[in-house]
Each structure stands twice: as C-alpha cells, then as structure tokens.
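J.: Taken in sequence, the protein lines are chains A and B. Mapping to this note's numbering: the first sequence position 61 is 61, numbers consecutive. Numbering-wise, this note's numbering comes out as the position in the second sequence, counting from 1, plus 134.
Don't read these hints as lab results, they were simulated from the structure. Check the hints yourself; a few may be wrong.
In silico contact screen, one side only, chain A against chain B (beta carbon under 8 Å); selected entries [stated by the list, open to error]: (1) Ile4; (2) Val13; (3) Val15; (4) Arg32; (5) Asn35; (6) Asp66; (7) Leu70; (8) Lys71; (9) Ser77; (10) Val81; (11) Arg103; (12) Cys113; (13) Glu121; (14) Asp129.
Ideal Cβ placement from N, Cα and C applies to all residues, glycine included.
Number of protein chains: 2
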Amino acid sequence: MLNIGEAARQGGVSVEAMRYYERQGLLAAPDRDANGYRRYTPAAVRRIKFIKRAQDVGFTLRDIGDLLFLKVDPGASCSDVRDRARAKLGEIDEKIEVLMRMRFALAEWTDACPSEAPVSECPILDALDRDDET
Amino acid sequence: MLNIGEAARQGGVSVEAMRYYERQGLLAAPDRDANGYRRYTPAAVRRIKFIKRAQDVGFTLRDIGDLLFLKVDPGASCSDVRDRARAKLGEIDEKIEVLMRMRFALAEWTDACPSEAPVSECPILDALDRDDET
DNA sequence: CTTGACTCTAAAGTTCGCTTCAGGGTGTAG
DNA sequence: CTACACCCTGAAGCGAACTTTAGAGTCAAG
Ligand SMILES: [Zn+2]
Ligand SMILES: [Zn+2]
Ligand SMILES: [Zn+2]
Ligand SMILES: [Zn+2]
Chain A
1 MLNIGEAARQ GGVSVEAMRY YERQGLLAAP DRDANGYRRY TPAAVRRIKF
51 IKRAQDVGFT LRDIGDLLFL KVDPGASCSD VRDRARAKLG EIDEKIEVLM
101 RMRFALAEWT DACPSEAPVS ECPILDALDR DDET
Chain B
135 MLNIGEAARQ GGVSVEAMRY YERQGLLAAP DRDANGYRRY TPAAVRRIKF
185 IKRAQDVGFT LRDIGDLLFL KVDPGASCSD VRDRARAKLG EIDEKIEVLM
235 RMRFALAEWT DACPSEAPVS ECPILDALDR DDET
C-alpha cells in the first residue's frame, strides 16, 4: 500500500494528475488511512500505467474511460476494443497528413530563402502574401 | 472599403475572428464609419489572408505576430524569417514523429486483435496492461 | 521542538483560438 | 412601419488535461 506520492512516482504521473484521474472517474477512489491519506494498491498503480500507456498512443482520457469500461464489460467483445483503436488510428493518420502538408510547404520555403537578403525580398513572406498556393 | 462581414468573407475567417485578431494586435484597428462600423481596406484583407496562410502551415498567432513584425522591421533579414520557419519545421517534425510512433503501435495492435474473442483476451488491452513496451 | 517533506480540500488558473452571450444600435427592403 | 440582417461592446465560455493557489493538517528526522 502506497501513499499518493509514491504511487504517482511509480506510475510516472504527478500527484495532481492522480487526483484529477480520480475526479474524472478513471481511478477508483482509494481507501483512506486514519489520517485521511489515500492508500493505493499495486492494482491501482497498474491502472495508472494503463492510463499512461493509452495516452501515449493517442487516446484521450474520455477514450480511456471507454476502454476501461469495455475491459470489465462481460458483454463486450474484442472487436469493440479494436474499433476504438482503429478509429484512433484514423484520427492519427489525419493529423499526420495535415502536418505533412505543413512540413512540405515549410521545407520548400526554407530551401528557397537565401538568408542574407533583406526581409523585403524573403520568399517565405512572399509566399505567405501571395494569393495562390493552398 | 468593406464592412467587417464582407472583409471576413473575403479573408475566409469569421467576424469574431477578425475582432479577435484586432484585440491581439495582429490586425491594425481600422478606421470607423460615422456609425462606428469598422471599414477595411484591401490591404487589411491581404493581411487577414496572410494570417490564415501562416496558420495553415502551423504558425501560432504569436508566431505570426513575430513574422508581421519582422516584415516591417528594417533591421531584420531574410534569415530571421527563415529561422522561424526552420524552428516551426522542427516542431512539426517532432509532432510527426510522436504521431508515427503512436500509429505504429496502434497498427500493430489492431492487426493482432482477432475481433471475435471476449475482451478478456484482447491483445490490445493486454498490451496496455503489460509493463514492457515503450 | 522545530523543520521540512508530505498530505488534504476546493476552486481558480493555464493555453489557444476562437465562439457565445447579453444587450443594444444601424440600415434597408417591402 | 416592421422585419431582418448587419454592426457594436465587454465579458464569459469552451475543451483538454492538468497545474496552481490558498489554507490547513500530518509525519519523521534531528
Ligand atoms: Zn465515451
Ligand atoms: Zn481485441
Ligand atoms: Zn527569407
Ligand atoms: Zn514572440
């Protein structure tokens, strides 16, 4: 059994994040010591790590709440989980596409910029001022 | 000379966005008509488009303020602009890398999920629960 | 006994780029 | 005259995931 500080350290999150997860219903309210301190079990630490790993692959806390519910729902099947993962994959692909388009434009422009001219001749500012280009 | 609604339409932004840019100092406060209505010049519309295009390649409004300042700074050189663009390119690359890592993990997991098993055997949930993997 | 690290609560603040709201004036077509 | 679309202001709200603040109790070491 661990205090919140130690549980947070082991889980790799901040103490405030832990209390926040509890308020959001992602982390069950733990038992309290006589002094009112929260006491965490190893299972709670595993849950913290689950939350963190899910965040690391792009799930929001809301998504994670859904996953945690599916995890214990006897009527849920593997495909429910897979659908969430696929949807997230789609979202991520969209974000990557947007970023790649930005990347392409910026790379082209920085290559074109001679760097020693006055700003009045900067092709980057020109591109931003021009009416063509998407 | 255009009213705010028409300027917004031509610039491709909302009326509220225009007033917001003005408050943020990105768009000079325009002259007012006798009735207090803002009157925009074609130059103001070009500036709105500049802002929008800069946003489209990833610059924040703060970044854009810096670019607009450089644009009129006689002491600024092309390389100042290019440095901003390069820095942004770096940020974007970092974001892409993060997203690619997420993408890779999610793709691997969705491939491994058989979809018709109960959630208790879902490899996606297993992966999120396991202590290895980054 | 005191210092310092830890814990508690509730509420407010942060960032970003707007949007919405509340409450009003203006302009014009029918 | 009366809709109705437009314009004005200042302030508040939104979403996400926390962090910070403020004020107070607790615990262990020296
Ligand atoms: Zn949901
Ligand atoms: Zn599965
Ligand atoms: Zn340049
Ligand atoms: Zn700056």
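J.: Against this structure, judge whether each hint is valid.
T.: Checked hints:
no.	hint	in the structure
1	Ile4	violated, 21 Å
2	Val13	violated, 15 Å
3	Val15	violated, 22 Å
4	Arg32	violated, 26 Å
5	Asn35	violated, 31 Å
6	Asp66	violated, 12 Å
7	Leu70	holds, 6 Å
8	Lys71	holds, 6 Å
9	Ser77	holds, 6 Å
10	Val81	holds, 5 Å
11	Arg103	holds, 5 Å
12	Cys113	holds, 4 Å
13	Glu121	holds, 7 Å
14	Asp129	holds, 6 Å
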